[in-house]
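Chemist: Sequence:
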Amino acid sequence: MKKILYSLLMVFLVSCGTSKPKIQTTKKVVHTSPQNKGNQLGKEIVKDQNSAKSEELVATSKVKVTPEIVNSYVMQFKDVAMNNMKEHKVPASITLAQGILESGAGTGTLCRTANNHFGIKCHKEWAGEYVRYDDDAEQECFRKYDDPTHSYRDHSLFLTSRSWYAPLFKLDPYDYKGWAYGLKKSGYATDPKYPEKLISIIERYKLHEYDSKVLGFVFIPSPKTDIIEKETKTVVKAPTSKELTSQVKDTVKVLTKSDPIIEMPIKGTTHTVMQGETLYAISRKYSTTVEQIRQKNNLIDNAIAVGQTLIIF
1 MKKILYSLLM VFLVSCGTSK PKIQTTKKVV HTSPQNKGNQ LGKEIVKDQN
51 SAKSEELVAT SKVKVTPEIV NSYVMQFKDV AMNNMKEHKV PASITLAQGI
101 LESGAGTGTL CRTANNHFGI KCHKEWAGEY VRYDDDAEQE CFRKYDDPTH
151 SYRDHSLFLT SRSWYAPLFK LDPYDYKGWA YGLKKSGYAT DPKYPEKLIS
201 IIERYKLHEY DSKVLGFVFI PSPKTDIIEK ETKTVVKAPT SKELTSQVKD
251 TVKVLTKSDP IIEMPIKGTT HTVMQGETLY AISRKYSTTV EQIRQKNNLI
301 DNAIAVGQTL IIF
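Counting with full-length UniProt numbering, you get residues 1 to 313 for the letters of the sequence shown.
Do not rely on the hints blindly, as some may be mistaken.
What follows is a list of derived Cβ distance ranges for each label pair [stated by the list, open to error]:
hint	residue 1	residue 2	range
1	206	157	23 to 33 angstroms
2	140	269	51 to 61 angstroms
3	170	292	24 to 34 angstroms
List of simulated lysine-lysine pairs, DSSO-like, C-alpha gap at most 27 angstroms [said to hold, decoys possible]:
hint	residue 1	residue 2
4	185	121
5	206	86
6	144	121
7	197	213
8	213	296
9	78	64
Bear in mind the hints are in silico, worked out from the structure with no lab data behind them.
This structure is a prediction, so every number in the text was calculated from the model and none was measured.
Virtual Cβ for every residue (Gly too), placed ideally from N, Cα, C.
Make a model of the complete structure from these sequences and hints.
Modeler: Here's what the structure looks like:
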């Protein structure tokens, strides 16, 4: 009898357990991957493998280039820059430095699409082709050229045809630092560090040597004569003997009837080359010519070194 009652009790308990409904969840389990942490916006991360060997040229170009690219650019356009210096008196060093900075040494978008190496905008007088490019403002108008040499020539004409750049042409032609700061002061660029960038490029790639090559062929007049400059054929009044000899450091005084005091250079005068000096600058200082200094020192070209002693007279 007890076994029967026990069996009935077990059947009753089992039937109650199976009638209870199941509880299910509709919430989806989200798994977080730890490698995505720190790049939540999904931006592409690019590593510059040449960062140690490249420099950023931020002007119109906004690109990074290597010294090899810059040197290649200089070799391509140095003759164009020197010819423009002879014709328009814009230092070749300044022209090349601006071309490097503004065009990204020829790799910038504006340069590649429009042959515009100097970031020259259209302005109202421009009647040629143009392109639109984001610079200081969106979609600004920039000049387009058929050939890069046209851009170089237009750069020189742009500077020579505007009165606010006129003070630059009163500077010594080898004064690239004066030109760099003068361009910024005259409004060529809005970048406050524009002069320093130009000077850095000139000195790093020795662009001032191309100024020396051009200036080495400039004819220096003798006293009391009117002269014609070799390249421009412009007649220039010669300075007086007093103006010339006032620049000579080691002198003696000779008394004459026509000119009470004339300062004459001492034979055997020498000069020790200082940092940044050129043969042209030294010749001007002593009222002589580059060719005369080269002959006295058996120089085959205009290359000189800091600390080198030159025979002047």
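Chemist: Take the C-alpha atoms of residue 197 and residue 213, compute the straight-line distance between them, and say whether it is at most 27 angstroms.
Modeler: holds, 23 angstroms
Chemist: For the pair we were handed, residue 144 and residue 121, check the Cα-Cα distance against 27 angstroms.
Modeler: Since the Cα atoms of residue 144 and residue 121 sit roughly 9 angstroms apart, the hinted pair holds (cutoff 27 angstroms).
Chemist: Does 23 to 33 angstroms hold as the CB distance between residue 206 and residue 157, or does it fail?
Modeler: Holds - the Cβ-Cβ distance for residue 206 and residue 157, about 27 angstroms, lies within 23 to 33 angstroms.
Chemist: Is the hinted range of 24 to 34 angstroms satisfied by the C-beta distance from residue 170 to residue 292?
Modeler: holds, 26 angstroms
Chemist: Please work out if residue 206 and residue 86 have their alpha carbons no farther apart than 27 angstroms.
Modeler: holds, 19 angstroms
Chemist: Just to be careful, I want the Cα atoms of residue 185 and residue 121 compared with a cutoff of 27 angstroms; is the pair within it?
Modeler: holds, 18 angstroms
Chemist: Do the beta carbons of residue 140 and residue 269 sit within 51 to 61 angstroms of each other?
Modeler: Holds, since residue 140 and residue 269 (Cβ atoms, about 55 angstroms apart) stay within the stated range.
Chemist: Assess, step by step, whether the Cα of residue 78 is no farther than 27 angstroms from the Cα of residue 64, and give holds or violated.
Modeler: At roughly 21 angstroms apart (the allowed maximum being 27 angstroms), residue 64 and residue 78 satisfy the hint.
Chemist: Do the alpha carbons of residue 213 and residue 296 lie within 27 angstroms of each other, as the hint requires?
Modeler: holds, 19 angstroms
In this structure, every one of the numbered hints holds.
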